[in-house]
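Trainee: Sequence:
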Amino acid sequence: MLVVAISLVLGVWVGPTVVLAWCAVTTAVHRRWLILALCLAIGLIGSADGRHAWAQAHPRTLGPYEGWVVVTTDPAIFGAGTRLTVEIEGERFDAWLYGGKRARILDHQAGDAVWLSGVRRSSTGSVRRAQVRHVVGRFDVEVLGDVVDGNALSRADNRVRSALRSSAGTAMADADAALFTGLVIGDDIRQPLWMVDDFRAAGLSHLTAVSGQNVAFVLAGAFPLLRRLRPWARWLATVGLIVWFMALTRFEPSVLRAGVMAILAATAFVLGHQPRPARLVALAVIVLVLADPLLVWSVGFWLSVSATLGVCVVGTWLAVRLPGPQWFRVGLGVTLGAQVGVALPSALVFHRLPLVSIPANLAAVPVAGFVMLYGLPAGLAAAMLPRPLVLVVMLPASVGTRWVSAVAQVAAAIEPAPRWSICGWALTSALLAWWIRHHSRHRGPGVPI
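Whatever position you read off the sequence shown (first residue = 1), add 1 for our numbering.
Some hints could be false.
Between beta-carbon pairs, the in silico distance windows are [to be verified]: (1) 64 - 37: 47 to 53 Å; (2) 420 - 233: 15 to 21 Å; (3) 221 - 62: 31 to 37 Å; (4) 149 - 64: 23 to 29 Å; (5) 38 - 298: 24 to 30 Å; (6) 232 - 197: 24 to 30 Å; (7) 63 - 240: 52 to 58 Å; (8) 350 - 269: 49 to 55 Å; (9) 431 - 233: 20 to 26 Å.
Treat the hints as calculated values from the structure; they're not laboratory data.
Bear in mind that the values here come from a model prediction, so they are computed numbers and not experimental data.
Note that the Cβ used here is the ideal one computed from N, Cα and C, for glycine as well.
All chains should be modelled from the sequences, with the hints used to inform the complete structure.
Mentor: Pasting the structure below:
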């Protein structure tokens with residue numbers, strides 16, 4: 002309680018005081034002390050917030066329940082069963098459905114309301130993994146009743162997702178349709194297990210996790226309209242568009258990081274500043290962890306943050322030192338930077354760092370980017386057209402999706418055993434270091450690199 006009380010005082014009084022004091026002082030020494038005070042305030046607030054979050058990760062009420070509940074995530078298929086996460090009296094529970102119950106819920110999405118009768122029980126198995134998703138227990142469903150649409154926002158989001166699924170399902174095979182929705186809006190729950198394994202083995206699984214690239218493409222598509230607005234109106238519209246896209250993609254950890262970074266960048270731009278990308282990453286992490294401390298245990302959040310830092314720091318450093326034309330240097334630098342960033346979490350969690358990820362990303366990412374940019378407007382437009390026209394409109398996205406899938410399959414097939422992959426990375430690193438050192442010598446000390 003003492004920590005909570007101190008944190009509240011610091012959050013209410015010290016935070017604004019530090020901001021006002023920062024504007025008032027001019028000496029670097031005083032500003033260092035202010036930064037130290039702000040870090041202390043953030044640390045104490047985060048500590049209290051984290052303690053509260055873990056306390057809330059345990060069920061308050063167990064036992065029988067009958068009534069309406071809200072579906073918080075899209076039904077996720079696991080083998081013969083489907084996991085349905087529902088909110089009951091402010092707490093989340095996982096329900097596992099099979100047979101007829103599973104078939105009845107598959108076409109519904111997050112935000113819908115469903116009538117359930119069953120029993121709330123404590124979690125079993127991977128308790129920590131469930132707690133990170135704010136799930137406090139499991140719900141044994143005895144009766145599954147009616148399912149109705151949710152509020153206006155969830156209905157709008159679900160109509161967009163359904164339209165994209167419909168267009169993809171009409172123009173593509175089932176596996177490619179699932180990959181298409183994964184590339185465009187991160188809707189990858191219908192991907193077959195073999196595809197998931199191929200993308201992980203090829204180092205391409207990040208393509209189906211919505212990230213900064215998706216957010217950038219959405220903003221790029223809206224730019225012709227945004228540029229016509231006045232600065233603050235443009236900022237408001239930009240923030241609204243980002244928040245809508247975050248809601249559309251279910252506020253996944255990777256899109257949260259990308260969305261908050263984009264909002265911070267837009268805010269800095271309208272205020273006349275141009276912050277460094279690494280600083281934006283740090284600020285986004287602080288904001289998100291204070292808002293949801295359990296994100297620090299999310300593997301998706303680790304990978305998103307580390308890959309972004311790798312691109313911002315290592316990728317930009319390599320891009321000016323690698324050989325070849327600019328488009329090749331930038332692409333290779335970004336790929337290598339992202340791989341350096343995710344090396345540690347990938348090794349610790351997945352026990353792999355695919356050697357084929359470099360050529361696979363160089364071959365797949367540009368095409369996947371086109372699918373992301375073209376797929377959202379094309380998929381929505383195609384949903385209103387007859388089948389022959391759907392096939393025409395979706396043809397570029399179909400070809401692009403098939404290419405990305407083929408790259409993943411080929412890369413997964415040729416990926417060497419883990420010990421050879423480690424040797425390959427060591428050799429690649431040595432050759433890269435030699436090239437940079439040799440190339441820097443020949444440039445001369447006075448030539449910028």
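Trainee: Is it true that the C-beta distance of residue 149 to residue 64 lies inside 23 to 29 Å, as the hint says?
Mentor: Holds, since residue 149 and residue 64 (Cβ atoms, about 25 Å apart) stay within the stated range.
Trainee: Mind checking the hinted window 47 to 53 Å against the Cβ distance between residue 64 and residue 37?
Mentor: Once the Cβ atoms are compared, 49 Å apart, the range 47 to 53 Å for residue 37 and residue 64 holds.
Trainee: For the range 24 to 30 Å, tell me whether the beta carbons of residue 232 and residue 197 fit it or not.
Mentor: violated (43 Å)
Trainee: Taking the Cβ atom of residue 350 and the Cβ atom of residue 269, is their distance within the range 49 to 55 Å?
Mentor: Once the Cβ atoms are compared, 33 Å apart, the range 49 to 55 Å for residue 269 and residue 350 is violated.
Trainee: Has the hinted range 52 to 58 Å been met by the Cβ atoms of residue 63 and residue 240?
Mentor: violated (40 Å)
Trainee: Do residue 221 and residue 62 keep their Cβ atoms within the hinted range of 31 to 37 Å?
Mentor: With Cβ atoms ~47 Å apart, the hint is violated.
Trainee: Taking 15 to 21 Å as the hint, is the beta-carbon distance of residue 420 and residue 233 inside that range?
Mentor: At roughly 57 Å between Cβ atoms, residue 233 and residue 420 fall outside 15 to 21 Å, so the hint is violated.
Trainee: Should the hint that residue 38 and residue 298 are 24 to 30 Å apart at their CB atoms be regarded as holding?
Mentor: holds (28 Å)
Trainee: Taking the beta carbons of residue 431 and residue 233, is their distance inside 20 to 26 Å?
Mentor: Check failed, 52 Å falls outside 20 to 26 Å.
In summary, the structure is inconsistent with hints 2, 3, 6, 7, 8, 9 from the numbered list given earlier, while agreeing with the others.
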